[in-house]
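Engineer: Using the hints, put the two chains back together into the complex; each one sits in its own frame.
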Amino acid sequence: MTRQEILATIRDILADVLDNESLQLTESSTAEQVEDWDSINQVKLLIGLENELNFRFSAQEVEGLKNVGALIDLVQRKVSAQT
Amino acid sequence: MPDPKAEFPEGAGPNLVISDWTVLPAAFRPDDIAMLTGATELDRTRFLTLSDALQEARARAADVALKSQLMDFLYSKTRYSSISRGDWEEQVRIATALDENITRRGSAALLREIGQSIDRAIKAKIKRQLTSAPTVAVCYHGGFSVPRRKLFARMFPEGVVIAASGKHAAHDGAFALFAAREAVLDRRPALMSPDGRFGREAGTINVLGAQLPVTEGAPFLAHTTNAAVVWFALLRKENGFTLEVSPGPQPDKGERFSDFRDRFYRFYVDRLEEAFTGDPSNLPLSVNWKLTFGAMLAGKVYRQRRPTRSRDETQHSDSD
Numbered sequence: 001m002t003r004q005e006i007l008a009t010i011r012d013i014l015a016d017v018l019d020n021e022s023l024q025l026t027e028s029s030t031a032e033q034v035e036d037w038d039s040i041n042q043v044k045l046l047i048g049l050e051n052e053l054n055f056r057f058s059a060q061e062v063e064g065l066k067n068v069g070a071l072i073d074l075v076q077r078k079v080s081a082q083t
Numbered sequence: 084m085p086d087p088k089a090e091f092p093e094g095a096g097p098n099l100v101i102s103d104w105t106v107l108p109a110a111f112r113p114d115d116i117a118m119l120t121g122a123t124e125l126d127r128t129r130f131l132t133l134s135d136a137l138q139e140a141r142a143r144a145a146d147v148a149l150k151s152q153l154m155d156f157l158y159s160k161t162r163y164s165s166i167s168r169g170d171w172e173e174q175v176r177i178a179t180a181l182d183e184n185i186t187r188r189g190s191a192a193l194l195r196e197i198g199q200s201i202d203r204a205i206k207a208k209i210k211r212q213l214t215s216a217p218t219v220a221v222c223y224h225g226g227f228s229v230p231r232r233k234l235f236a237r238m239f240p241e242g243v244v245i246a247a248s249g250k251h252a253a254h255d256g257a258f259a260l261f262a263a264r265e266a267v268l269d270r271r272p273a274l275m276s277p278d279g280r281f282g283r284e285a286g287t288i289n290v291l292g293a294q295l296p297v298t299e300g301a302p303f304l305a306h307t308t309n310a311a312v313v314w315f316a317l318l319r320k321e322n323g324f325t326l327e328v329s330p331g332p333q334p335d336k337g338e339r340f341s342d343f344r345d346r347f348y349r350f351y352v353d354r355l356e357e358a359f360t361g362d363p364s365n366l367p368l369s370v371n372w373k374l375t376f377g378a379m380l381a382g383k384v385y386r387q388r389r390p391t392r393s394r395d396e397t398q399h400s401d402s403d
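Chains as they are written, first to last, in our numbering: chain A, 1 to 83; chain B, 84 to 403.
Here chain B stands alone, though its shape is the one from the complex (with noise of 0.2 Å):
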């Protein structure tokens, strides 16, 4: 049997939700993933290549479950205008079905064809610019984010990834938090979404005219380790994927933290706003962001904050 580890040039690395997506040699089949993974019937079939998962996701696009209110909102906000509403739609469908296949029916084959398919020099660039100094990585609950924090665990072994489950689980902040910053203090980067539902609200930001409640985990995270904020994006490129760093602020000498935050979060709506009016090859939409566009176009705020530390937490902890 090989080597699970092996097969990723990376390495397989502490942050590994077994649970969540094993990683299994491709020698194993389906029915054997399944029965080790506690698979339903429904979920038995894992896709082991990236090309099934496609070819299913376009045949199931037009059933992917999108109102048709929320695709003429950010049609009439993309930048891809060029395209037609009907071929514009149906990226976005075939995206967010792709983005499924891979978050419910990945197998670590697949995982492992989503890395190998990143162009080498760019990983390695990436992984010097992210180790050579100390670094908070932020992305979002969309943009194939599964895969996305599965990969940057791999590139990143002795980093931290803050994520709902896992060894830094955003429901124990504390010690999440402390985690990341003795990583990232370390120069070993930590990623987060501060579009997280974990957290005490901590104001709201504005996307595309949709208000989201966001904490103050990640710009905190930044400010008191002096560290470079990086938006991390796994993005589709032709038959494969591709990662893309864009810099982001860091705290000036002396700055005060609520000037940071500000900065932080200008810098975040920015990237936010970019993803959700580009290339809808790249735009699956995940259930968190349609109902906070959904919210919006009812005239509403749609809000998912679940605070780490409080008595609310004690009382609601049974029912999410």
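One chain only, chain A, in its complex shape (with noise of 0.2 Å):
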């Protein structure tokens, strides 16, 4: 997957988990700029982007994760180590 694509996966599942379709993200987005996304919907998305992409994140994996650039690299890092 590309960034893009993934960009794009990450802005579906937090739009549909925050009920916002007209949500904007950019990889450097952060919770704290999107409102409503708190820690809860932030478990919501992770859990979204596990069943959308069929891979399981761990604890430490997710910690500390400082905008959405940060979980995009991730998410490459675990489709990578799918294929």
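Heads up, some of the hints might be wrong.
Stated by the list, open to error - Covered stretches of chain A, as calculated for chain B (at least 3 residues, CB under 8 Å):
{"id": "1", "stretch": "42 to 50"}
{"id": "2", "stretch": "53 to 60"}
To be verified - Which chain B residues stay away from chain A? Per the calculated CB distances, all over 10 Å, these:
{"id": "3", "residue": "T128"}
{"id": "4", "residue": "M154"}
{"id": "5", "residue": "H224"}
{"id": "6", "residue": "V352"}
{"id": "7", "residue": "S364"}
Read the hints as simulated data drawn from the structure, not as lab findings.
Heads up, the beta-carbon is just placed ideally off N, CA and C, and yes, glycines get one too.
Structural biologist: Structure representation (structure tokens):
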């Protein structure tokens, strides 16, 4: 998957979680910048990515994710490890 | 020097908070502990035995800061009304002072003594119960909360304790919740206190007439892992302590989150009210709950929430 494809997947899942279809995300977006993106919704996003892309994150992997770009980096590593 | 871990039958777990309650062998003297933990001059003497901590608690019980209006209110709700008002209040004061002594001036030796005072068969049964199926244990900021949390971490060294500080600190709620989910799915229990200050307020619950703002973290964790919920309590018994686990709700197949959340909070309110109307010797009053009931008596709601991931936290991160 390309970074753009992963970003689109993250956006779609988060838009569903937050019930905000007009959600716009960039690689520099952070949870603090998006209304209602709290800890529970962050976990829902991670679970959604696991279900969509068929892998499991470990807790250590998701610790300290600073922005969407960091999450894309992580997803890329997980997808690469599958192939 | 003895191995400090060997002094705890359950072993010292990864949730140990060194800065909060340093685990040191009993051979260390209070001055050694004070030096190593950076305790202030006023806090240099740590209690090494439960009897010392209890004796001091009894001696200063009358000076514990508890307002008579609050005592009147709670006594009006107690199920122990056969005890005189004076005797009831004295027991609450001793419990509160004892909890303060354990929390602020407790040593590793004292924690070990508390752990050892609990019947081994009870500990073994609880260990089996909480590891036989995905389990979310809940408690509150009261009722000897610090030793309870420490004992849980020792009984379940691979479990997760979500607290204000430590490896799974509540201020990083996403990581703490995700780690708890991982643990619970792996039959490693998680412990959390839904009456804590971190997280986005999702509503209020009514505890003896007081409105308590709550989050959805604990019911979300149980719902997303299909875990059993239990109430995890540390109670004084005779000259020591015991543990009690009370079964709570578990999500039904296909149950909507909002329905489960409501069941979860009905259970949680029942357990809180059971504690606040129960045995006064097991009713240490924490600052949180003194403020919560105090606000109610003043016709207000005590709001202590701190969002874990929002602009508000950024703005107020240094406020308290």
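Engineer: Decide, hint by hint, whether the structure agrees.
Structural biologist: To see whether the hints hold, each was checked on the structure:
1. 42 to 50: holds (count 4)
2. 53 to 60: Since three or more residues must qualify, the claim that chain B covers the stretch 53 to 60 of chain A holds, with 3 doing so at under 8 Å.
3. T128: holds, 38 Å
4. M154: Answer for M154(B): holds, closest chain A Cβ roughly 37 Å.
5. H224: holds, 19 Å
6. V352: holds, 21 Å
7. S364: holds, 36 Å
Figure legend: structure checked against the earlier numbered hints; every hint is met.
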